[in-house]
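Sequences are here, hints too, so could you generate the full structure?
Protein chains in written order, with the working numbering: chain S, 1 to 712; chain F, 1 to 712.
Honestly, the hints are just simulated from the structure, not real lab data. Keep in mind that the hints are not guaranteed to be accurate.
[To be verified] Computed list of lysine-lysine pairs in DSS-like fashion (alpha-carbon distance at most 30 Å, straight line):
id, chain 1, residue 1, chain 2, residue 2
1, F, LYS10, S, LYS626
2, S, LYS434, F, LYS651
3, S, LYS159, F, LYS438
4, S, LYS336, F, LYS434
5, S, LYS494, S, LYS604
6, S, LYS438, F, LYS159
7, F, LYS577, S, LYS648
8, F, LYS648, S, LYS660
9, S, LYS403, F, LYS28
10, F, LYS645, S, LYS626
11, F, LYS312, F, LYS434
12, S, LYS651, F, LYS645
13, S, LYS539, F, LYS403
14, F, LYS626, S, LYS645
15, F, LYS434, S, LYS438
16, S, LYS660, F, LYS548
17, F, LYS243, S, LYS30
18, F, LYS626, S, LYS336
19, S, LYS626, F, LYS312
20, S, LYS403, F, LYS58
21, S, LYS637, S, LYS648
22, F, LYS10, F, LYS98
23, F, LYS548, F, LYS604
24, F, LYS309, F, LYS434
25, F, LYS648, S, LYS626
26, S, LYS604, F, LYS336
27, F, LYS648, S, LYS651
28, S, LYS403, F, LYS159
29, F, LYS539, S, LYS660
30, S, LYS648, F, LYS651
Protein chains: 2
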Amino acid sequence: MGKRTDLHKKNLQTIFYPESVAIVGTNKVKGTVPGDIFTNILQAELNGVIYPVNPREKWIGSLKAYKYIVDIPDPVDLAVIVFPSTVCDRALEQCGEKGIKSAIIISAGFREIGEKGLEREEQIKAIAEKWDISFIGPNCLGVINTDPASRLNASFARKFPAEGNIAFLSQSGALCTAVLDYAQARNIGFSKFVSFGNKADISEIDLLYYLMDDEKTKVILLYLEEITDGPSLMRAARDVMEKSHKPVLIMKSGRTSAGASAAASHTGSLAGSDEICDAAFRQAGIIRCDNVEDMFNIAIAFAYQPLPKSEKIAIITNAGGPGVLTTDEAIRQGLKLAEFNEDTTGKFRRSLPTTANISNPIDVIGDARADRYHAAMTGVCQDDNVDGLFVILTPQSMTDIEKIAEEIAKVANESRKPIYTSFMGEADVAAGIKILQKHHIPHYTLPESMCKPYAATLFFNQMIKQKAERPTVFDDVEKGKVQKVVNENLESGKTYLSEFKAKEIIETYGLPVIKSGLTTSEKEAGSVAESIGYPVVMKIMSDDIVHKFDVDGVVLNVRNREEAEKTYTRIISNVQKSMPEAKIDGVYIAKQIENGTEVILGVKRDPAFGPVVMFGLGGIFVEVFKDVSFRVAPIDKESAVNMIKEIKSSKMLLGARGRKNLDIDSIADAIMRLSQLALECPQIAELDINPLIVLEDGQGCFVADTRIILTN
Amino acid sequence: MGKRTDLHKKNLQTIFYPESVAIVGTNKVKGTVPGDIFTNILQAELNGVIYPVNPREKWIGSLKAYKYIVDIPDPVDLAVIVFPSTVCDRALEQCGEKGIKSAIIISAGFREIGEKGLEREEQIKAIAEKWDISFIGPNCLGVINTDPASRLNASFARKFPAEGNIAFLSQSGALCTAVLDYAQARNIGFSKFVSFGNKADISEIDLLYYLMDDEKTKVILLYLEEITDGPSLMRAARDVMEKSHKPVLIMKSGRTSAGASAAASHTGSLAGSDEICDAAFRQAGIIRCDNVEDMFNIAIAFAYQPLPKSEKIAIITNAGGPGVLTTDEAIRQGLKLAEFNEDTTGKFRRSLPTTANISNPIDVIGDARADRYHAAMTGVCQDDNVDGLFVILTPQSMTDIEKIAEEIAKVANESRKPIYTSFMGEADVAAGIKILQKHHIPHYTLPESMCKPYAATLFFNQMIKQKAERPTVFDDVEKGKVQKVVNENLESGKTYLSEFKAKEIIETYGLPVIKSGLTTSEKEAGSVAESIGYPVVMKIMSDDIVHKFDVDGVVLNVRNREEAEKTYTRIISNVQKSMPEAKIDGVYIAKQIENGTEVILGVKRDPAFGPVVMFGLGGIFVEVFKDVSFRVAPIDKESAVNMIKEIKSSKMLLGARGRKNLDIDSIADAIMRLSQLALECPQIAELDINPLIVLEDGQGCFVADTRIILTN
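Here it is, written out as C-alpha cells:
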C-alpha cells in the first residue's frame, strides 16, 4: 500500500501538470462527453501539447488524430480516457505499453452499474498495478487545474473556474457542476478541482496527501458519499493539518439512516453511523459541512482571513435587528461578545453620535456613512479584548455602500484580526459585495451566517495547537492469551462470550475485574467466598438460564461462610425446581461492591472507522437520554478524560450533591485499555461492560459484568 | 381597549386605501426622509390626491404646498407626518381639528431615545385618543400597499415592491430595506408592507386583525424585537388561522440571553425566555422563523402551493448526492419518503432507463431531459402514497433546464399536491429559476431547504384541523378564599408561602394534597396520625428551620399511634438540642405514599406571555437534563396530556420496565387546575409542586410538598 501511495503522489503531479495529454476516445460530436472534453482542454489553453486519439477520425478540431495511443510519436504524460467502459481495459493496457503513468478515466459503466461493471473495474485496477499507472475515476467528471503553469481542464464541466486557493474534491460528478456555478456567482476561485468518481485507484486520501504539499492550495473541500477507510482518512486529515496547517472540510451525505439507505441504493456504499462520523471528524480536526452553502461559507473564512485567537468578537451594524439576530447565533455557536476596554469606549464616545450604541454589538445607526464605520472598525481592531470582527450593513437611502466596502477592505488589510461582512439585501448592495469579494473579505448574505465559519476557524486553530494524540500503549497486556481464547471459541462455533469468558479476556488487558469464582459444591462455595471477602453476590451459572432473577438464581448480601454454603444449596434447589431441565455449571460468587456508581463502557466496530469506544452512565441515562460519548480508537488519556466529562450527566460523577468526585482516572485507564484491546483483537465485534462500578477518587473501579460478541 | 381595536381596524382601511394624503413636514431636499417620502408617494402613482404641507414652501415637486394641515381646503383621509419629533404633537392636534382619523408618524426621536422621547410618545398617544385618531409609528419606515386600487408608498424605502399575496410587518425599519431588496431578487411580491416602529398606537395585533380580512393577503410575515402582549398575539394569530386560514410567520430576535440583552440595549424591550416563546408560538399555530431567508423560504411555500395532506414526499433528482442530502434533512424535519405503489413502480420501469433508481428518491440520472422529469413527476402525482413532491436539478451539459422548468409548472398546475424545486447552481440555472418563479413554483437554492417549509405547512395544516383549545374551567374552586389568603399574606409583608399555606391554596383549587395535619402535642400527634392512616411522615414545622433533615426533624415510616406519639416527643427534643433558639410551630404529620413516582409541576410568570405551567420528572431528570415541558395558560386536557407525554423521560411514566402506566389523567387534571389558579390569581409569581407523587393508573396523585412566591 505504502508503495502505491508514494507512486500516486508522484503520478498526481503529472496528472495536474502534464506537458502532453492524450484524449483517448474523443470524437467530433459537440454535446457528448468525449467531444466536450476535447473542446474544454483545448479552450482552457493547456500549457502543453494535446493528442486526440480516435480509431476512425483523421483529425479532430483541426488537430491531427491518432488511431491508437501507441501511434503517438512523442512521449505522453497523461491519458484522459473517454472510451466506452467495455474497451477501457485495452486503452489502459496501451497506456502501459506507451509508458504513460498517469490517467483520468472519465467513462461510466463500472462498479456503479453492478456485477458486470465491478468486474471491469477490477480489470483496469489490475492493469494499472501491472504498469505502475495511477488513475483517477472511473465514472467521474474529470480534473481541473487553474494554475497558470498548467491550465488543465480535463473535464466535461460547463465552465473553467477562476484561480483561487481552495481545492475541491468530489465523489459526485453531478455536484461538481452545481458547485462550479455556485462558486462563480460568488467570485470564488479554485486551485485544483477533482471529481474522483468510483476512486478505483487514486482515492481522496491520495489527493489529500498530494494537496498537503500543493503551494496553490490553502483549504481543501471534500464531498464524500461513502467512507471506505475511516482511519486513513482521519490520519491524512490530521497530517495535512499538522504539517501544512491546511483545514480539511468534508461534506458527507447520509446523515440520517434513511439518508444512508438512499446512499446505499445509489452508490452501493455502506454508510456508517452518523454520530460516529461526527466524532471521528472532530478527533481528526476535520470540519464537517452540512451543504454546499455551509461549505463555502466556511471555506472563504479559511481561505481569505487569518485564524482568530479567541472567541471574543465585536459586531458593528447600522441596524439593531440584524445585530441582535447575529448575537443570538454567535452565542449559539460558542462565541462571545467582547467587552471593550475603556480606551475604546472613550474613542467611540468621541467619534460616534450620542444615539449610537457603543457597547457590543455596536449600532452606528441607520444614517451611518463610511466615516462612522471606519471609526467603529479601527476602534475595535485596536482593542485587545477583540479577536474578530463582524460588519453588518443594511442599505438605507444615505448609506454609501461602496465606500464602506472599500473602507472595510482597507481596515482588513492592516489588521491581523479576521473580518467578516454581511451586506443585507441583493441588488442595492451588489456593487459593494463585489468590492468585498475582490479584496477577499468573506461576505455572507445572512449576517447570522458569519458565526459558524468563525467557530470552525476557532476549532481548527485550537486543534492545530493541541499536540498530536499519542495514545499510551500498555505493555502489561497478554495479547497472545486473548487471541488463544478468542480462537478457541470461534473454532468451536461460539461467538457469544458471557460473563465468565469475557471477564477472562478483559482481565488479561488489565481491566479491574471484581474478584470472583465459579463453585460446584457447598464447601467450595464457602472457601471461595472466604477468599474473596464479604459481602458477596452469588448467582446461578448456566447457559440455559438467561433471566437469573426469575428463577431465584441470584442472592445479594451474603456476609459469612455459613451463609455462603447455605446459599449455594438454596440457589441450586431453587433452580432445579423452576427449570429442572437446565444444565447447571455451578454457582458464581463475586465480591459485592457497595456505594459505587454504575457506568457503562462499550466497544462497537464501525464499518468505516473501525473500533469505537463508548462511555455513559448506567440505567436511564443511557436508556432514556442516550447520554453517551464515544471516540474512535486509539484513545489517549486526554481524550478519555474528555469523553467522561462531556456527557450531560457527568455532574453525577464529579461531586454532585455534596459527594466526593469519583475515580475518573481509573475509568480513563479502562477506556484506554479497552481501546487497545479492540484494536489488537479485530475479532471482537462488540463488547459491553455493564456495569463498571466506580468508587470514590483513588479507590478505582470494578467490572461487575461484561459480554463479548466475536466475529470471524 | 376593545373600542380602540375596532377603531384601528376601520382607520387601517383608510391608512391602506386613502383617497387623499397630506405629507406633513415634507420638503424639497432629495436624500432626506421628508423629501424622499414625498417623491415615493408621487412616483408610485397613488390612486388619490396628495397635499404637501410645509410652513415655508409655496410648492413642492410642482404641487401646491399648504402652510398647515388645516389650510387644506378639501377633506383629507391620511396624514403622513415627517416633522421633527418636537412638533409632531402640534401636527397631530391639527389632524384632529381637521377631522383626519388616520396617520403614519415616520419621525424618530420618541421612546427609543429615552425619557424625553417617552414623554413625547405619551403626548401623541393622548392626542390620538382624544380625537379618535389611529396612527402607525412613530420611528418607522412607513407603509406600502401594492394593491392597484391604492398603490400607496408612504415610506422612505428605496423601492416599491411587486404585487403579491404576502404581507410583511416589521418592528425594525432597517430590516425592511434589506427585505425589499432580498424579495425583489427572488421575484417575491407583497400585498401590504408595514414598518410599525415603536407601535405607540397601532400594534402588530391590530395589523393582524386587519390583514385577517384583507383579500389581497394570503400569508402574514412579522418581524418582532419585543413581545409586549403575548396572550393577545397568540389569540390574534389563532383567530387569523381559524377564521381565514392564513399562516402567521414570526421572526423574533433575542433567542439567547445575550441576544436578549442586545435587544434591551437597543429598543428598551424586555425579552422573555426564549423557550417559552417557542412553546407559545407552537400553541398558537405561529411558525417561528430563524432569519430572513428562512422566513421567505417558508412564506413562498404557503403563498404559492397547496397545503400538504401528509408527511409522505417523493424526491426526484438527476444527481444522487443532492438526493441523499435532501433525504437526510427530510427525515430530520419529520418527513417521510413515500413508498410507491406497484402501479407507479411499473410505470417507472417502462418509462425510465434501467440505470435510473426508481425507488424514492428517484434518480433520473445525469443525462435526463424534460421527458424523463415529466414521466417521474406525473408518476408520483398519480400515486396516492405521495402527498408532496421535491424536484432537484443539477445542470449537466445535456440538461434542458428551461424545458424542465416549464414541465414542472405544467404538472404543478394540474396537481393538488405541493411541488417544490431546487435547481442547483447560479448562472446556468438562472433562466430556469425565473420560469419557476413566474409560475409560482417555490424554488430553493439548496435542495435541503425544501424540507423545513414543507414541515411548516404540514404543522399549520394540522393546527387548522385541531379544534380550538377550549380549556375546562373548573367550578369547584374557591377563588375568593385563595384571594383572601393571598391578600392577608401580602398585607403582612409575606411573599414566600411555605408548605402549609401553599397547600391550603392549591387544595382550594382541587389539587389532591396528601392528608396531613399540624400537631402541637404528643396526644394530638397520635390522634391526627390515627385519622390520616399509616404509614405517616412526621416533620418539624418552624419558619426558622430550612433544612429539616439536618436537625433530625424528619421521621419516615411511622406505623402506629404509639410510634407517632413517641416520634412527636423525639422530634421536638432533637430540634431543641440542635437549634434551641428556633421558634417551633409544631410537628407536621402527613400520609406517607409508597411506590409512587415523583414528578414536578411549576408555574412561572413570563413577562411577555403570562403564566406558564411546567411539568417534569423529579430529581436528576430536571436537574441534569432539564427534561421539562411547558405550556402557556390556559391549558386544555389534550395539551396537558401532550405536555406529560412529550418529555424525553415519559417512558418512566408509561409502563417502563414492565410496570403499569401511571395515572396520567390525574396529572393532567392537576396541570389544568394549576393553569386556572395561575390565571385567576395574578399575585402568584411562582409556584412549585415538588414532588407530586403519582400512583398507578386510576389511583391518582398527591401533592407532597409545595411552595408559592407572591408578588404585589
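Structure-based check of each hint:
no., hint, result
1, F:LYS10 x S:LYS626, "56 Å, violated"
2, S:LYS434 x F:LYS651, "55 Å, violated"
3, S:LYS159 x F:LYS438, "27 Å, holds"
4, S:LYS336 x F:LYS434, "41 Å, violated"
5, S:LYS494 x S:LYS604, "19 Å, holds"
6, S:LYS438 x F:LYS159, "27 Å, holds"
7, F:LYS577 x S:LYS648, "42 Å, violated"
8, F:LYS648 x S:LYS660, "29 Å, holds"
9, S:LYS403 x F:LYS28, "26 Å, holds"
10, F:LYS645 x S:LYS626, "18 Å, holds"
11, F:LYS312 x F:LYS434, "28 Å, holds"
12, S:LYS651 x F:LYS645, "26 Å, holds"
13, S:LYS539 x F:LYS403, "74 Å, violated"
14, F:LYS626 x S:LYS645, "18 Å, holds"
15, F:LYS434 x S:LYS438, "28 Å, holds"
16, S:LYS660 x F:LYS548, "23 Å, holds"
17, F:LYS243 x S:LYS30, "59 Å, violated"
18, F:LYS626 x S:LYS336, "24 Å, holds"
19, S:LYS626 x F:LYS312, "28 Å, holds"
20, S:LYS403 x F:LYS58, "37 Å, violated"
21, S:LYS637 x S:LYS648, "20 Å, holds"
22, F:LYS10 x F:LYS98, "18 Å, holds"
23, F:LYS548 x F:LYS604, "26 Å, holds"
24, F:LYS309 x F:LYS434, "28 Å, holds"
25, F:LYS648 x S:LYS626, "10 Å, holds"
26, S:LYS604 x F:LYS336, "29 Å, holds"
27, F:LYS648 x S:LYS651, "19 Å, holds"
28, S:LYS403 x F:LYS159, "21 Å, holds"
29, F:LYS539 x S:LYS660, "29 Å, holds"
30, S:LYS648 x F:LYS651, "19 Å, holds"
Hint compliance for this structure: hints 1, 2, 4, 7, 13, 17, 20 are not met, and every other hint is.
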